[in-house]
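Using the sequences provided together with the hints, build the complete structure.
Residue numbers (the numbering used here), protein chains in the order written: chain A, 93 to 400; chain B, 93 to 400; chain C, 93 to 400; chain D, 93 to 400.
Source of the hints: derived by calculation from the structure; they are not laboratory data.
Since the model is a prediction, treat every value here as computed from it, not as a measurement.
Please note that the accuracy of each hint is not assured.
Since copy identity is lost for identical chains, a pair holds within one copy or between any two.
Simulated crosslink set (DSBU-like; lysine-lysine; CA at most 30 Å straight-line) [to be verified]: (1) 352 x 120; (2) 339 x 143; (3) 338 x 143; (4) 272 x 241; (5) 143 x 213.
4 protein chains.
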Amino acid sequence: MAAAHHVCGGMLISETHTDAMQYVYRVKHVYHMEETPYQLAWVVELEGYGKALFLDKKIQSALGDEYMFHEPMVQPGMTTHPNPKRILVAGGGEGATLRDALKHKTVEAATMVDIDEQLVKMCDKWMPEWHQNSFHDARTTMVYDDARKIIAQHRNHFDVIISDLTDPLEEGPSQMLFTKEFYQMISDALTDEGVLTVQSGCTDPLYPHLYGCIAQTLKEVFPIVRPYWCFVASFMLPWGFILASKKHDPLELTQADIAKRLEERGVTGLRYYDPGTHFGMFQIPPYVRDAIARGRVLTDDQPYFWEA
Amino acid sequence: MAAAHHVCGGMLISETHTDAMQYVYRVKHVYHMEETPYQLAWVVELEGYGKALFLDKKIQSALGDEYMFHEPMVQPGMTTHPNPKRILVAGGGEGATLRDALKHKTVEAATMVDIDEQLVKMCDKWMPEWHQNSFHDARTTMVYDDARKIIAQHRNHFDVIISDLTDPLEEGPSQMLFTKEFYQMISDALTDEGVLTVQSGCTDPLYPHLYGCIAQTLKEVFPIVRPYWCFVASFMLPWGFILASKKHDPLELTQADIAKRLEERGVTGLRYYDPGTHFGMFQIPPYVRDAIARGRVLTDDQPYFWEA
Amino acid sequence: MAAAHHVCGGMLISETHTDAMQYVYRVKHVYHMEETPYQLAWVVELEGYGKALFLDKKIQSALGDEYMFHEPMVQPGMTTHPNPKRILVAGGGEGATLRDALKHKTVEAATMVDIDEQLVKMCDKWMPEWHQNSFHDARTTMVYDDARKIIAQHRNHFDVIISDLTDPLEEGPSQMLFTKEFYQMISDALTDEGVLTVQSGCTDPLYPHLYGCIAQTLKEVFPIVRPYWCFVASFMLPWGFILASKKHDPLELTQADIAKRLEERGVTGLRYYDPGTHFGMFQIPPYVRDAIARGRVLTDDQPYFWEA
Amino acid sequence: MAAAHHVCGGMLISETHTDAMQYVYRVKHVYHMEETPYQLAWVVELEGYGKALFLDKKIQSALGDEYMFHEPMVQPGMTTHPNPKRILVAGGGEGATLRDALKHKTVEAATMVDIDEQLVKMCDKWMPEWHQNSFHDARTTMVYDDARKIIAQHRNHFDVIISDLTDPLEEGPSQMLFTKEFYQMISDALTDEGVLTVQSGCTDPLYPHLYGCIAQTLKEVFPIVRPYWCFVASFMLPWGFILASKKHDPLELTQADIAKRLEERGVTGLRYYDPGTHFGMFQIPPYVRDAIARGRVLTDDQPYFWEA
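So, in structure tokens, the structure goes:
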């Protein structure tokens, strides 16, 4: 065929966050495609952002900026706890959440629960840059099961729990992992000093509703609830997290406290999180606070469904 | 023609920030298209973000989230100055930057300099939601000329200058408005208590280079240089600004100071900026600080050109 | 905003014929957008194909290749009739079908029936290159009404009828204009020597089903049914038509007959149709004949709905 | 990440034939990607058209409609020759051109010359539906070399030569395989009854120039030159071929002759070519004849380069 003025040729992945926009990634190579019992997984090489994981055609993380997601996911909670020894990661199949938590040398035992064993095995093989062998760290126990079931088996046990679950789509595997009942189980599984951080969806002005609901739901269970946000370049969106805590407040630390904890625990090489951005992330703007005010409590009876 | 399973049909605007991605906006309606002596201007209605302005096929602002750009552009500088009476806006053709500055009732005289009169007239007519009549405010003087020429005519005059110029593309109209020599003219045009804020380009991990260069250049001229950032949803990017100041430091205020100034000056209705986000925005992450460290000083002899 | 390596920027119209593909047109300018009581109409300037009409986001015709559609729509039927004096065009809002029929100076009276008066008026104003004043030809009578109602009012009257209607979408305005009952009305409205040509949808291998159904339906009413096809560049698809006739067979002519008729009637300036392509178009390939064999008869009770 | 109203998600391949349009294919799966010494090869599964080969990001053929290209490529020439025993295929790496030629049981010896051995081996493994083992047919000799060099080694030898080469891009591997000098070599390599068919590029109204040039060039060498065309659905374009012949004229046959030859030679299962479409394809429209009239003779000194 004739190759003429090829201005836009090539392989793309198009993702539609909302009716408003399409996010189109340029693909240099496809490393691997696999359908697990739970999702369709693609490992590809993107222009600019490098190797990336897509699940069900939606980007999960890219090597070039995965720190913009994983450090905000992990570090505020880990740092807020004075001495995190026993931790649990729910979800986070790439292994980067686990990796970032294990950087704290206080950690003695890390449990990672992911329902999709095939996906984790695939990430283990195809995405070593993410997990950096943390699946095989001596402190790690891998559990392939429903996070709700596993968490319900523990009482007063974990110092930090990190909920890195996919958004609660209707009838999806995560829908019941964002409810008041589930957060109560987490609270029970945590010690009295326990800290939870929750991946809570995007925080752009068009679709901040899930974020508001998770915040309201956590407030039903935890005395300290601190929404925070960051920006993930390859998501092309601002992203929301919430820290919920039984005793320790991330805003009662000083920048010096955080610097000291990171140093003592041997946490280095961070590119998004530091003592300054710790506090910057908790400064959410009025439009997001308004979205939180409009959120409703999610329950097992009335879980989240997509509400625009 | 046959209309079948029309899943993706319709009018789109595709914008390529980098090789890595395409940002595709869904267009509901085209209100107006006009070619000025300086640029191609489109006023369209987008899905989700509503009415929007594109210049040379690139989004400038959208009604649904223009506050995510214009409040960070304007408010940190205005609030940092204890009593801004005389201000100048360079660029900012939509009029929203001027509008946000005029909210401070301390302002007695506002000069807006834009080289593209036809564009401003077009915005005046087609985009009233942006300027909200600020072009016709009794305090406003509109000047259609080169910002560099106008600023050079003033000494010790302005309290706040807001540089809302398009990025310094090679041989574009703004290329010489980001150099050390130009910033020295601005410094001279400011009073001893003067404050400058500069639109400084994107701050994603792929292309933060311009941001670093502007920061280094401002440090050559101003004693206080404070980089800050925000996220603009319809740009699908984090965005960088820099506050440069001769005396007042935005970080030496308290949240209470800011709240008081906003209240005293009658500034209401903000959705991104408040006493909390004021401080949050100045917390830039390590990867952006690294980009600043790698920046070079821009001069009239060696201005910015696109450096990936 | 930063303008970098803009490889794919700009305004586009994306159309999805099937799940398989997207047809993306590059738009240079938008002349006019209007919502009529029946459809959303856009008149735009495309790269390459020039001015173009889109209805409900689907291309109808482009100036650069409208002859690839309108000549096959009109000329085989007009030429097959030995002396077409009274003709009717159903649909064809752009006026190019009427224009091509009026080229035959045998025509004494042309009736054009289109249900969408606002659309025709818009085409009259914005698309003069198509109709070339044929709406205002002394021989033309414009009727803004349902084609079925108007055709039912005539008996033994028209020499040629040209059905240039949009595809029969479910509950769309054309659904009942592709049924056996409607074709019987057309047969009654034609003289004993009458000829009909029908716009019959695309003929690519994925979706030739409508074409097959129209062919089977016409066979129920007319003794001579001759499917033919062409290719319309800006549709990016092969396109199907069917000639149905009470007495005259397009395949019983010779190339010399056709050349003589075109010359005697003053038909010049054709770019797709000539005595050779007349016969070429009636040579449809086995895969299309197979689609015809699988077609079903469309009736008022069981009209067409999209059947993949 | 949040999965919301996913209207357009997924993997795509975008191809730009001209500035005017983008052809976007939806990709269900990527089977294989390989960079040969000559080109980047992708074997993917498309929505609708099924398994497909892309070379250098441009579609070559798709399982669902490869017959729309390969039958017109092969059958008119094979059928025009009264008794093709020795044939040569130049290019055609997928093996489908060879396969379609071998259907004629008159063939005793088939030589396929392709410069890209790695590509042919890849097609042999990944695309058996195309070649249907014809690479390993006892009559086949595979030669991995420059077609020009191999053809120059033969005199008065081949009955039919099929030139299924990629378009002559500037400095591409095929540029010197579309010149008068090369066609003279082909003429010399053919017997006095020899027939040549040439893949000759697209024939849409925007870019028919290459087609015109090849036609003019062949006229310099062969006494009988018959342009013909077809439509290839997955190319979304009409496609041009030219039959050049030393003695036999495809237009002097009758439909009965063709039917007889196909039957005697055991050629069955065709979906595009038959005695009717044989003649239909040679009926090219005035706009394409005009493009031929504007073509220039291509020579080794002045080969083709992209001329819009």
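Hints, one by one, checked against the model:
For the identical chains of this complex, residue 352 and residue 120 are neighbours neither inside a copy (42 Å) nor across copies (50 Å), given an alpha-carbon limit of 30 Å. In this assembly of identical chains, the alpha carbons of residue 339 and residue 143 never lie at most 30 Å apart, being 39 Å within a copy and 46 Å across copies at closest. Taking the shortest Cα distances, residue 338 and residue 143 never come within 30 Å of each other, neither inside one copy (38 Å) nor across copies (45 Å). Taking identical chains as interchangeable, the C-alpha atoms of residue 272 and residue 241 lie at most 30 Å apart only when both belong to the same chain, with a minimum of 15 Å there against 62 Å between chains.
Taking the shortest Cα distances, residue 143 and residue 213 sit within 30 Å of each other both inside one copy (17 Å) and across copies (28 Å).
Violated hints, listed in ascending order, are 1, 2 and 3; each of the other numbered hints is respected by the structure.
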